[in-house]
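Asker: Note that the protein sequences, when read in sequence, are chains A and D.
If you read the first sequence in the working numbering, its first letter stands for residue 1, the second for the next number, and so on.
If you read the second sequence in the working numbering, its first letter stands for residue 1, the second for the next number, and so on.
Don't take each hint at face value.
[Unchecked claim] As a list, the in silico BS3-like pairs of lysine-lysine whose alpha-carbon atoms are at most 27 Å apart:
no.	chain 1	residue 1	chain 2	residue 2
1	A	K93	D	K306
2	D	K93	A	K67
3	D	K29	D	K93
4	D	K323	D	K306
5	A	K303	A	K274
6	A	K323	A	K313
[Stated by the list, open to error] Not close to chain D: a few residues of chain A, all C-beta gaps over 12 Å, as computed:
no.	residue
7	G50
8	G94
9	L99
10	I136
11	D138
12	P144
13	L145
14	I154
15	G183
16	G226
17	R236
18	I264
19	K306
20	K313
No lab work stands behind these hints, which were simulated from the structure alone.
Keep in mind that this is a model prediction, so the values were computed, not measured.
In this text, a Cβ means the ideal position worked out from N, Cα and C, and glycines have one as well.
Protein chains: 2
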Amino acid sequence: MHVVVTGAAGMIGRKLTARLVKDGGLNGKPIDKFTLTDVVAAEKPAGFGGKVDIVTGDMAAPGAAEKLIAERPDVIFHLAGVVSGEAEIDFDKGYHVNLDGTRALLEAIRHAEGYHPKFIFTSSIAVYGAPFPHAIPDDFHLTPLTSYGTQKAISELLLADYNRRGFLDGVGIRLPTICVRPGKPNKAASGFFSGIIREPLAGHEAILPVADTVRHTHASPRAAVGFLLHAATLTREQLGPRINLAMPGVCCTVAEQIDSLTRIAGPQVAARIKRQPDELIMRIVSGWSERIDARRAAELGFKAEKNFDEIVKAHIEDELGGKIA
Amino acid sequence: MHVVVTGAAGMIGRKLTARLVKDGGLNGKPIDKFTLTDVVAAEKPAGFGGKVDIVTGDMAAPGAAEKLIAERPDVIFHLAGVVSGEAEIDFDKGYHVNLDGTRALLEAIRHAEGYHPKFIFTSSIAVYGAPFPHAIPDDFHLTPLTSYGTQKAISELLLADYNRRGFLDGVGIRLPTICVRPGKPNKAASGFFSGIIREPLAGHEAILPVADTVRHTHASPRAAVGFLLHAATLTREQLGPRINLAMPGVCCTVAEQIDSLTRIAGPQVAARIKRQPDELIMRIVSGWSERIDARRAAELGFKAEKNFDEIVKAHIEDELGGKIA
């Protein structure tokens with residue numbers, strides 16, 4: 001089996017590839033080749049005996065998508081994309097990468113006669129826009145309030161039409177906020193949700209810019225990889241025509257996040273969180289969805305963590321080798 | 001005021017232009033110029049003393065959209081599009097005209113510095129896909145089951161993002177089935193909804209391929225033109241960020257349509273309807289929305305007919321000069 005991962009140099013892309021290498025296969029079939037593509041060169045996955053093609057470049061460039069699928073890979077995980085903040089600042093780049101890049105890939109597949117791969121697309125809860133009901137149901141409309149969310153919502157619609165037409169077997173998964181995101185603190189408005197767990201666990205101070213009462217839905221990087229793998233197992237028959245699915249997550253308040261950290265790592269670690277209210281971040285976060293009632297995903301067998309304690313433990317195991325600073 | 005109508009040679013485009021000529025202006029400002037564009041040449045509107053540019057061609061062709069807005073028209077009614085059946089048969093043409101054409105027009109506007117016209121886009125209830133709740137609420141998700149519906153839903157998302165960014169003042173209106181559609185019978189699966197009224201009134205036989213109990217939502221061509229004009233009066237403040245709106249209509253069964261025809265034109269006219277069940281049409285129609293709860297549109301002042309009698313009377317007045325054959 002030949003697996004393509006776009007956005008392979010990104011955090012989820014690397015974790016997905018590593019997990020596929022560890023599993024040795026997908027849907028019961030051994031993987032003998034990876035094609036890993038991104039704007040920067042992805043690393044060769046450690047411990048993989050098969051062939052690996054590393055491809056860099058712009059998917060929307062003429063011929064790029066055709067080349068990527070020339071060997072007719074069996075499964076494509078399409079994770080590539082410009083992130084929310086960048087797509088908002090650079091209108092052209094966001095549409096070029098997130099819409100034109102996705103469409104180029106879908107078009108290349110459509111034009112490859114007799115070819116219909118499994119295509120797993122990562123969408124985002126950015127497809128939703130406030131005001132929201134108490135919990136967002138599966139049939140809630142998509143009224144994104146960012147260009148990024150718009151590009152994701154459009155890609156979902158394209159994917160569903162290409163799936164309906166039989167050009168591919170598609171599934172789109174709307175990831176909740178990924179927490180705990182590893183790596184350095186960044187300037188994303190959502191960064192603190194991870195920062196207040198990751199930084200104290202690493203012995204550093206973290207800033208909390210919003211109130212304890214802020215509620216949000218989270219899934220660990222490990223759960224996100226699990227969603228991608230589970231999506232690849234679903235059949236057309238199981239999915240029906242509505243192939244774009246909100247993913248489950250752990251819905252909790254910031255106070256509950258801090259309670260988990262305290263329970264698992266102790267009050268001296270939780271004391272590294274400094275409250276420093278930031279009006280701008282508070283305003284941005286107030287427009288985000290709080291609760292997502294991901295009923296269809298749950299029925300289809302997608303599984304997130306059961307509580308925030310599990311998310312903190314997954315981070316300690318996967319990123320800190322089980323150790324707390 | 002300079003008004004552009006795309007799709008100006010089509011039925012709604014012609015009626016909209018005629019109405020604007022009759023009104024003499026829009027939003028209290030006189031119209032001194034029309035640009036009427038379509039793939040075939042639109043007719044010059046009768047009785048208009050101002051300037052009229054007739055433009056033919058493909059909006060998605062390089063430079064075409066830029067040229068169309070070069071004089072910075074104040075209001076653009078974007079009605080152009082390949083119809084549902086054609087977009088389903090010709091995948092490339094549908095995406096080219098309905099998506100790329102619309103995007104080219106939006107892009108031309110974005111690149112015209114300091115320009116932000118009023119932009120009214122005709123979407124369709126084809127953005128919805130079965131299964132449906134009892135009535136479709138304003139916050140119901142868009143899961144189109146045709147490429148046409150997909151292209152309309154994508155155009156709505158683009159319009160909302162371009163509106164949010166301040167490139168234009170946009171509003172998208174989802175038209176219900178237009179009934180009574182004038183002209184010759186056509187092969188559209190929905191054709192009978194109009195046919196069973198139009199043909200008997202003109203002295204001809206009409207085929208009814210579905211059961212009397214089939215329920216659907218209709219608005220007259222006159223009401224559709226009214227929606228377009230009313231949309232042009234709405235401000236950003238009135239609309240908020242959710243600028244794509246389901247339009248109201250008359251929800252009734254085929255039996256109620258026939259009752260109206262009988263009341264208005266007599267049983268001898270209604271007797272011209274021949275029942276000839278067609279399994280294929282019955283199956284297609286069973287996947288269509290029945291009831292649309294267009295609450296926001298009603299609150300914003302959009303008005304359809306109150307009952308099907310008014311739709312039949314509008315047809316007799318507007319198309320038959322008040323006479324029944």
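Asker: Hint by hint, note whether the structure agrees.
Answerer: Status of each hint after checking the structure:
no.: 1; hint: A:K93 <-> D:K306; verdict: 48 Å, violated
no.: 2; hint: D:K93 <-> A:K67; verdict: 25 Å, holds
no.: 3; hint: D:K29 <-> D:K93; verdict: 37 Å, violated
no.: 4; hint: D:K323 <-> D:K306; verdict: 22 Å, holds
no.: 5; hint: A:K303 <-> A:K274; verdict: 32 Å, violated
no.: 6; hint: A:K323 <-> A:K313; verdict: 10 Å, holds
no.: 7; hint: G50; verdict: 36 Å, holds
no.: 8; hint: G94; verdict: 10 Å, violated
no.: 9; hint: L99; verdict: 9 Å, violated
no.: 10; hint: I136; verdict: 10 Å, violated
no.: 11; hint: D138; verdict: 8 Å, violated
no.: 12; hint: P144; verdict: 7 Å, violated
no.: 13; hint: L145; verdict: 6 Å, violated
no.: 14; hint: I154; verdict: 5 Å, violated
no.: 15; hint: G183; verdict: 30 Å, holds
no.: 16; hint: G226; verdict: 25 Å, holds
no.: 17; hint: R236; verdict: 15 Å, holds
no.: 18; hint: I264; verdict: 38 Å, holds
no.: 19; hint: K306; verdict: 27 Å, holds
no.: 20; hint: K313; verdict: 35 Å, holds
Checked against the numbered hints above, the structure breaks hints 1, 3, 5, 8, 9, 10, 11, 12, 13 and 14 and satisfies the rest.
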